[in-house]
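Novice: Whenever a hint applies, use it, and build me the whole structure from the sequences.
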Amino acid sequence: MASELRETIPTFGEAGGEEGGAGLTNWSALTGASTAKSAGEIGGLILVAVLLIGGLELAVRHFNVAPYVFPRPSDIGSSLLNDFDSFWPHMKVTIRELLVGFSIGASLGIMLAAIITQFPYVEKIVTPYVLLLVTTPMIALVPLLMLNYGFGSTPRYIAVTLAVFPMVMINSATGFRRTDLAKIALARSYGANTLQIFAKIRFPLALPMIIVGLMVGSIFGLLTAVGAEMVGGKNGLGNQLQVYASLIRMAQFWAIILLIALIGVSIYVIFFWIGKRWASWQA
Amino acid sequence: MAQAVGERVGASANGANVAMSIDHVTKYYKTKTGQVHALEDINLQIKQGEFVAIVGPSGCGKSTLLWGMSGLHDLSKGQIVLNGTPVTGPRPEIGMIFQEANLLPWRNLRQNINFPFEIKRKKVGPYEDRINQLLNEVGLAGFENKYPRELSGGMQQRASIVRCLSYDPEVILMDEPFGALDAFTRDEMNLLIQKLWMETGKTIIFVTHNVTEAIFLADRVVVLTPRPGRVAHVFDIDLPRPRTIDETFSPPFIEKVLEIKDTIMTGVYTPRS
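As you go down the protein sequences, you meet chains A and B in turn. Mind the numbering: the first sequence is residues 1 to 283 in this note's numbering, read in order. Mind the numbering: the second sequence is residues 1 to 273 in this note's numbering, read in order.
Calculated from the structure, these hints are not laboratory results. Owing to the predicted nature of the structure, the values given are computational and were not obtained by experimental measurement. Hints may contain errors.
[Stated by the list, open to error] Here are the computed lysine-lysine pairs in the DSSO-like style, where the Cα-Cα straight-line distance is at most 27 Å:
no., chain 1, residue 1, chain 2, residue 2
1, B, K32, A, K124
2, A, K276, B, K30
3, B, K122, B, K146
[Stated by the list, open to error] Stretch by stretch, here's where chain B covers chain A in the computed footprint (C-beta under 8 Å, at least three residues):
no., region
4, 173 to 185
5, 190 to 203
Each residue gets a CB set at the ideal place from its N, CA and C atoms; glycine is no exception.
Specialist: Below you can see the structure in the form of structure tokens.
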């Protein structure tokens with residue numbers, strides 16, 4: 001694996017591979033947003049939120065907008081408070097689908113990326129299929145999966161896994177391709193074996209891109225979980241969207257949209273902090 | 001020329017223990033554009049505790065030779081013998097210092113220094129005092145929790161020196177370690193290396209393209225010819241120690257610089273009367 005080292009003296013001061021550059025760009029795009037720090041910034045944030053929601057409330061009341069076009073923000077808010085007990089079991093279902101599918105898909109994605117990037121020949125053969133998985137919306141498979149696995153959670157787990165896995169894999173592979181021969185030489189000079197080089201050099205070097213993959217993958221997983229619930233089944237936030245839309249109970253509908261958004265934002269925040277903690281050396 | 005060098009080296013080898021012996025080392029390597037003949041029949045014997053500098057025109061294979069000594073590169077012909085055993089792979093007696101500091105950016109300074117111990121599965125505990133003393137000596141005490149990007153180039157290279165000395169290797173190979181540093185920082189680093197060498201008595205082999213640096217540091221300066229690299233001449237540097245930066249501007253020193261530069265340019269040693 002370190003055989004490339006036996007003949008070349010590495011170029012120092014830069015991680016190899018054109019992919020490295022792309023990785024950096026991706027990374028800063030996802031976590032480059034700054035966090036509010038001063039009281040003034042936080043005040044500004046709150047002010048804009050109040051103006052936005054208040055303005056919306058006033059506009060809806062003033063123009064007498066029909067609830068099926070857009071309900072009053074205050075109604076959405078009271079629905080969130082009053083109906084949360086009936087939303088929560090469904091939210092748990094969606095979160096569980098996401099966690100199960102994400103865990104399986106992400107583990108598969110990282111493992112396969114780690115293995116496949118060690119063999120450029122295999123990588124070339126496998127890449128078209130991974131691309132196919134990346135570009136195919138996995139929700140499209142849900143009717144088929146339901147035919148085979150029924151209306152329970154299984155087809156959703158499978159769909160989420162299939163959505164998460166290629167996203168994590170393709171980004172992780174970009175990370176694992178960033179070989180830095182100088183760092184590998186350093187480890188080898190201390191007598192490191194292949195496993196140590198992987199654990200202590202290749203993996204940490206790939207970690208920022210793996211985190212990007214996990215973030216993108218988890219958001220795709222959420223989309224797929226909600227989509228799969230909308231296709232069929234008896235529970236989950238996606239299913240509840242269908243139910244409330246058919247009853248034209250738009251305050252509840254929008255409350256659920258907000259809950260889904262809340263899950264999405266939480267995912268972003270979690271990975272933002274993971275990135276800050278484990279990948280800030282790259283920034 | 002190669003024969004003359006062999007005699008010289010043979011004579012000096014009787015005086016002290018030979019740490020490393022380079023016997024008929026030849027190296028070819030393949031590139032995308034074809035085969036490169038990097039080194040041709042290099043013979044050299046390095047005594048224990050000796051400071052040897054290797055200089056030569058760029059592309060002469062001086063780094064290739066050093067990487068061969070480290071066991072990181074294979075040789076095409078010949079062998080390198082360290083403490084009586086041929087070098088076939090990285091050896092625990094060797095410590096390497098690279099071009100640029102080559103610190104791991106995801107580890108802080110202390111974790112970088114612990115890195116060799118992790119790879120060697122050795123406990124840091126018994127070396128704790130040694131490491132702290134080294135950190136003090138190179139002026140990095142108090143920076144243990146800093147990440148490489150928070151340190152200057154000179155500080156990074158000093159950290160890499162501590163990392164190398166931390167586990168107490170017998171032979172230190174340095175591959176153009178200060179090439180990326182500014183002139184003042186380079187002077188500072190050379191004084192530090194001289195001090196550490198005089199205190200520890202390590203065997204140091206130092207590749208550089210800077211002739212002044214080579215003379216300042218070394219007991220012997222080995223000049224290689226352009227590719228394929230052969231030994232053009234080995235210069236003895238008899239200047240007393242510790243040497244100072246001021247001395248590098250003295251007439252005898254400059255005379256040596258010119259002599260060595262002339263040898264690098266022509267590939268042949270012609271004494272200046």
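Novice: Would you mind marking each hint as holding or not holding in the structure?
Specialist: How the hints compare with the structure:
1. Pair hint K32 (chain B) plus K124 (chain A) holds up; C-alpha atoms about 21 Å apart against a cutoff of 27 Å.
2. Proximity of K276 (chain A) to K30 (chain B) is assessed by CA-CA distance (about 42 Å); at most 27 Å being required, the pair is judged violated.
3. The suggested pairing of K122 (chain B) with K146 (chain B) holds, with an alpha-carbon distance near 24 Å, which does not exceed 27 Å.
4. A count of 3 residues in the region 173 to 185 of chain A with a Cβ less than 8 Å from any Cβ of chain B is obtained; the coverage claim is therefore met, three being the minimum.
5. Closer than 8 Å: that is the beta-carbon criterion, and the region 190 to 203 of chain A has 6 residues meeting it against chain B, so the requirement of 3 holds.
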